[in-house]
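**Student:** All chains should be modelled from the sequences, with the hints used to inform the complete structure.
These protein sequence lines map, in sequence, to chains A and B.
Per numbering that gives the first Met the number 0, the first sequence starts with residue 0, numbered consecutively.
Per numbering that gives the first Met the number 0, the second sequence starts with residue 0, numbered consecutively.
Please keep in mind that the hints were generated in silico from the structure rather than gathered at the bench.
Fair warning: there could be bad hints in the mix.
Okay, derived cross-link-like pairs now, EDC-like style, lysine to aspartate or glutamate, Cα gap no bigger than 16 angstroms in a straight line [as the list claims (entries may be wrong)]: (1) A:Lys257 / A:Glu95; (2) B:Lys205 / A:Asp276; (3) A:Lys179 / A:Asp276; (4) B:Lys285 / B:Glu262; (5) A:Lys204 / B:Glu270; (6) B:Lys205 / A:Glu275; (7) B:Lys78 / B:Glu276; (8) A:Lys113 / A:Glu138; (9) A:Lys179 / A:Asp158; (10) A:Lys284 / A:Glu73; (11) A:Lys261 / A:Glu285; (12) A:Lys204 / B:Glu262.
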Amino acid sequence: MESRVWFSSQFNFPVNSPLKTRETSIAPFTPPRNVLSFSFPSHAGRFAMRIGPLVKAVSFATKIVAEVDGSRDEPRRKKLAVFVSGGGSNFRKILEGCSDGSVNGDVVLLVTNKKDCGGAEYARSNGIPILVFPKAKREPFDGLSPSELVDVLRKYGVDFVLLAGYLKLIPVELVQAFPKRILNIHPALLPAFGGKGLYGIRVHKAVLESGARYSGPTIHFVDEEYDTGRILAQSAVRVIANDTPEELAKRVLHEEHKLYVKVVTAICEERIKWREDGVPLIQSKENPDEYY
Amino acid sequence: MESRVLFSSQFNFPVNSPLKNRETSIAPFTPPRNVLSLSFRSPADRFAVRIGPLGKAVSFAPKIVAEVDDGSRDEPRRKKLAVFVSGGGSNFRKIHEGCSDGSVNGDVVLLVTNKKDCGGAEYARSNGIPVLVFPKAKRESSDGLSPSELVDVLRKYGVEFVLLAGYLKLIPVELVQAFPKRILNIHPALLPAFGGKGLYGIRVHKAVLESGARYSGPTIHFVDEEYDTGRILAQSAVRVIANDTPEELAKRVLHEEHKLYVEVVAAICEERIKWREDGVPLIQSKENPDEYY
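**Tutor:** Here's what the structure looks like:
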């Protein structure tokens, strides 16, 4: 299997994982097309900024997952990739959950189409590798193709993909490679106020204009279109008579944070069950007979 | 103005309203086309069953509204309501009870239905409320009311608000234009989700469950020329449970429908609907006039 070149964080991989160093050169170069290609110009500084902290180029053999200390009933820690385009507040909350023990998982990769966005900055300061996808049109070099993106995610051993304010449509190759493993959060009660063009503050404006009295976040599995996959969780926020879009957005965002952490906790503990008609349910942690 | 022939309930109209008896004959006949035409056949009993309790044929001059007795002119006068149903009429019952027990400052003066024998029509008849059939069923051989005739009847009755409560036919555009911001509908889901043509009754609740949505509940909205698209006036939320059947969800939502519709009708009869600049209607709180919801 040909070796793949990519750039990982400064943090160490777990000691017992079988990594072999194939190349130590970090001089910029143009990789052959059939290798994982990242867009970068000759200038190392710009390259570093674009991709994240630049360390040894490594390649992976098939990973061995470190087992948890003795009990085999505990689900293993899950590997999460988060996709953002903006500030990344949901990403932060999820990462905090991973650190403080409430989430049985780790964010191993951040993917963004905006290399300087808040989410990317936060990833960099926390040693999480960043991948730019899709590349901006004005970039002269080739970026990752969708199947290359899928390859990277597989190489990182990603179990779940979490879209947290990612504004690009997910390529169908990714959806097909990760069935029932990609989640998105939308700041309205789907199926209302969703679809192409309805993102960010535009959603809250639409809610207020309609006169709807309730809104709130929806977390759903992702399929090939915007906001149409199976709904996994929602929470309701009352719309107030003199709300502005910003005020409503703030109240909904607060609920988004709580809901996404709760849902990610549940998926990392394998508490998602599928009803016969295809609706996904979350099994309660406290009471395994209860679903919501 | 040509006189209109109407068939009204056995109950008396208020004594001070200027009604004049033009005809006392109740023998069935085929009215000329330019008079209000109600579909009926020769046997009197079938006629009686179709239209409701048959009293004297009367015609209206423009009405004088009876003033409230206690002298206060700040109280809004009692409003005249027309309710449209196609089915059981449980919302209609609740509204009617509200009118009787004082919680609603109004009276149901007319029931309109496309199903003359439905539960709502039966309840209306047993409570002396006139029943109008609209639109007539296709298989009826005689002409029914045209949309503008329907509008005329409503005007003659002095109807101020039209309340759709499980009425499955599309409201004719003539009616929408004649009663702007005066027609309300209740839909058993949180519009704009799960609404539109074909989404009524249990089909709504099935759609909600299939989507995996975790919240549902009634929406009351003003009516425009399409199904379920007018401005939303009120909603209440009901949690969807993991093992709900459509019937169980329907029952929980119906319970909220009753509460919400009575609350909203009370508000419209007390003139507590205010319109925001962007066209969204709000309900002014009765307890605290500075509060809107």
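**Student:** Next step is simple, just say for each hint if it's right about the structure.
**Tutor:** Structure-based check of all given hints:
Restraint check for lysine 257 of chain A and glutamate 95 of chain A: satisfied, since their Cα atoms lie roughly 12 angstroms apart, inside the 16 angstroms limit. In summary, the hint linking lysine 205 of chain B to aspartate 276 of chain A is supported, as the alpha carbons are separated by about 11 angstroms, within the 16 angstroms threshold. Note on lysine 179 of chain A and aspartate 276 of chain A: the hinted pairing holds, with a Cα-Cα distance of about 15 angstroms set against a maximum of 16 angstroms. Annotation: proposed proximity of lysine 285 of chain B to glutamate 262 of chain B holds, straight-line Cα distance about 11 angstroms (limit 16 angstroms).
Among the hinted pairs, lysine 204 of chain A with glutamate 270 of chain B is inconsistent with the structure: their alpha-carbon atoms are about 28 angstroms apart, more than 16 angstroms. For the hint linking lysine 205 of chain B to glutamate 275 of chain A, the alpha-carbon distance of about 14 angstroms falls within 16 angstroms, and the restraint holds. Between lysine 78 of chain B and glutamate 276 of chain B the CA atoms are separated by roughly 26 angstroms; this puts the pair beyond 16 angstroms, and the hint is violated. The hinted pair formed by lysine 113 of chain A and glutamate 138 of chain A meets the criterion: a straight-line CA distance of about 12 angstroms does not exceed 16 angstroms.
Distance hint between lysine 179 of chain A and aspartate 158 of chain A is fulfilled; the C-alpha atoms sit about 10 angstroms from each other, no more than 16 angstroms. With a C-alpha separation of about 13 angstroms, the suggested pairing of lysine 284 of chain A with glutamate 73 of chain A holds against the 16 angstroms cut-off. Only pairs whose Cα atoms come within 16 angstroms are accepted, and lysine 261 of chain A paired with glutamate 285 of chain A is accepted, the gap being roughly 13 angstroms. Restraint check for lysine 204 of chain A and glutamate 262 of chain B: not satisfied, since their Cα atoms lie roughly 27 angstroms apart, outside the 16 angstroms limit.
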